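Q: Listed here are the chains, written in short residue letters.
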Amino acid sequence: MAELHVIGEISHARKFPKQSLFCKWNLQFGNNWKLVSGKQEGQTHVISSEFEDDCKWCFPIDIHLATKGIQGWPKIYIQVFHLDWLGRSHLFGYGFILIPTTAGQHTVECFTWRPFGTLRQRFVQFFLGGGPQLKHPDLIISGNDRNKLSTEAMGIVQFQINVIFRNFSKFGVEY
Amino acid sequence: MNGRQTMSNGTFLLMICGQIEYIDTFTSSGTTWHCKYEFVSGTDWKIVGGLHAGVSQIVNIVANDNKVILNFPIEVVYKSTNPHGWPQIVISVYKGINLQGYGRAYMPFQAGLHKMKVSISTPLPSSLLGQIATAFGYQPELLQPTMLATTAGNNLIQMVSSGEASMLLNVMFQGLQSLEYDMGKSS
Numbered sequence: 001m002a003e004l005h006v007i008g009e010i011s012h013a014r015k016f017p018k019q020s021l022f023c024k025w026n027l028q029f030g031n032n033w034k035l036v037s038g039k040q041e042g043q044t045h046v047i048s049s050e051f052e053d054d055c056k057w058c059f060p061i062d063i064h065l066a067t068k069g070i071q072g073w074p075k076i077y078i079q080v081f082h083l084d085w086l087g088r089s090h091l092f093g094y095g096f097i098l099i100p101t102t103a104g105q106h107t108v109e110c111f112t113w114r115p116f117g118t119l120r121q122r123f124v125q126f127f128l129g130g131g132p133q134l135k136h137p138d139l140i141i142s143g144n145d146r147n148k149l150s151t152e153a154m155g156i157v158q159f160q161i162n163v164i165f166r167n168f169s170k171f172g173v174e175y
Numbered sequence: 001m002n003g004r005q006t007m008s009n010g011t012f013l014l015m016i017c018g019q020i021e022y023i024d025t026f027t028s029s030g031t032t033w034h035c036k037y038e039f040v041s042g043t044d045w046k047i048v049g050g051l052h053a054g055v056s057q058i059v060n061i062v063a064n065d066n067k068v069i070l071n072f073p074i075e076v077v078y079k080s081t082n083p084h085g086w087p088q089i090v091i092s093v094y095k096g097i098n099l100q101g102y103g104r105a106y107m108p109f110q111a112g113l114h115k116m117k118v119s120i121s122t123p124l125p126s127s128l129l130g131q132i133a134t135a136f137g138y139q140p141e142l143l144q145p146t147m148l149a150t151t152a153g154n155n156l157i158q159m160v161s162s163g164e165a166s167m168l169l170n171v172m173f174q175g176l177q178s179l180e181y182d183m184g185k186s187s
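Chains A and B, in that order, are what the protein sequence lines are.
Final position of the first sequence in the UniProt record's numbering is 175; the numbers increase by one with none missing.
Final position of the second sequence in the UniProt record's numbering is 187; the numbers increase by one with none missing.
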């Protein structure tokens, strides 16, 4: 089986309306793939910055996958939350990225969005926070029911990803 | 084996040598700074040469543009069978005896010279008592700063970023290509 290592970090978030952000990530892949070692999901610490806009998590990701085919190339979906001073977390963005399909170091940016509520919901959100959320976060990576959503743009999450291939050329995979 | 020299038992070597050049943060003259580093790596990784942790000299700030110049050498050689658990460096920065922040970074994945910026961040107190105590100069520290690299339980901590460390690292491999690994290029 060909092996794929995804090692890198969720480096920072920028252009979000508030600080004190944390990010949950989750790796999804097709049936041919198998997780050999490493964590498939995780959550960063909460970070803020006094002097700049960026929230620098520098959160490590280290995944080792084995595959029998190239269908179902792995994706990572993320959920960004804001932790307020009362210890409540508010959804600040959904997004997904594809693991790059060439070996080497990559900077991947994830443009995030969140559901856009009705006028009443937005009024409540402005004063109290909260807001509509997806019931099944797996929907972030499926394009099926997106036409039923209305969304607004949130910030950008930047990843530094290193992709390491093993035995791909031995199995005739061209990249 | 197509002319390439292989290591005997499916292992490869990773040689890292370089330095922590300086820390970019708010410094005032008359303060003293030092920093510690520690490497964290997976179970397959073994150090075959060099130091796995170290403490720098004490830097006295006289006048130097918000930089703590360390010029602190790092040299380590790792042996492994598998890129999983790739070594990470965890840096702790101290001002006097008080913590100023932690930084974490992966070692470079491609051979060659790499100039790296590592963001430094400081933990915030998690209890009300700690929040009151910060007014009197208390600064919470992590019992094991390596938890930033292993990510065990770090969803419970809150941090605020407080600077940047600059590192210059040279990386070299031995026997990695003969194990059919393709590391690609750095962008």
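Since the hints were derived computationally from the structure, they do not count as laboratory data.
One or more hints might be untrue.
To be verified - With beta-carbon atoms standing in for the labels, derived distance ranges: (1) A:150 to B:49: 52 to 62 Å; (2) B:36 to A:14: 24 to 34 Å; (3) B:129 to A:40: 29 to 39 Å; (4) B:112 to A:40: 23 to 33 Å.
All figures in this text were calculated on a predicted structure; none of them were measured in a lab.
Using N, Cα and C, we set each Cβ at its ideal position, and we do this for glycine too.
Q: Does each hint hold? Answer for all of them.
A: These are the hints, each one checked on the structure:
At about 59 Å, the CB distance of residue 150 of chain A to residue 49 of chain B agrees with the hint of 52 to 62 Å. Look at residue 36 of chain B against residue 14 of chain A: about 30 Å separates their beta carbons, and that is inside 24 to 34 Å. Between residue 129 of chain B and residue 40 of chain A the CB atoms are about 37 Å apart, so this pair conforms to the stated range of 29 to 39 Å. Between residue 112 of chain B and residue 40 of chain A the CB atoms are about 32 Å apart, so this pair conforms to the stated range of 23 to 33 Å.
Hint compliance for this structure: no hint is broken.
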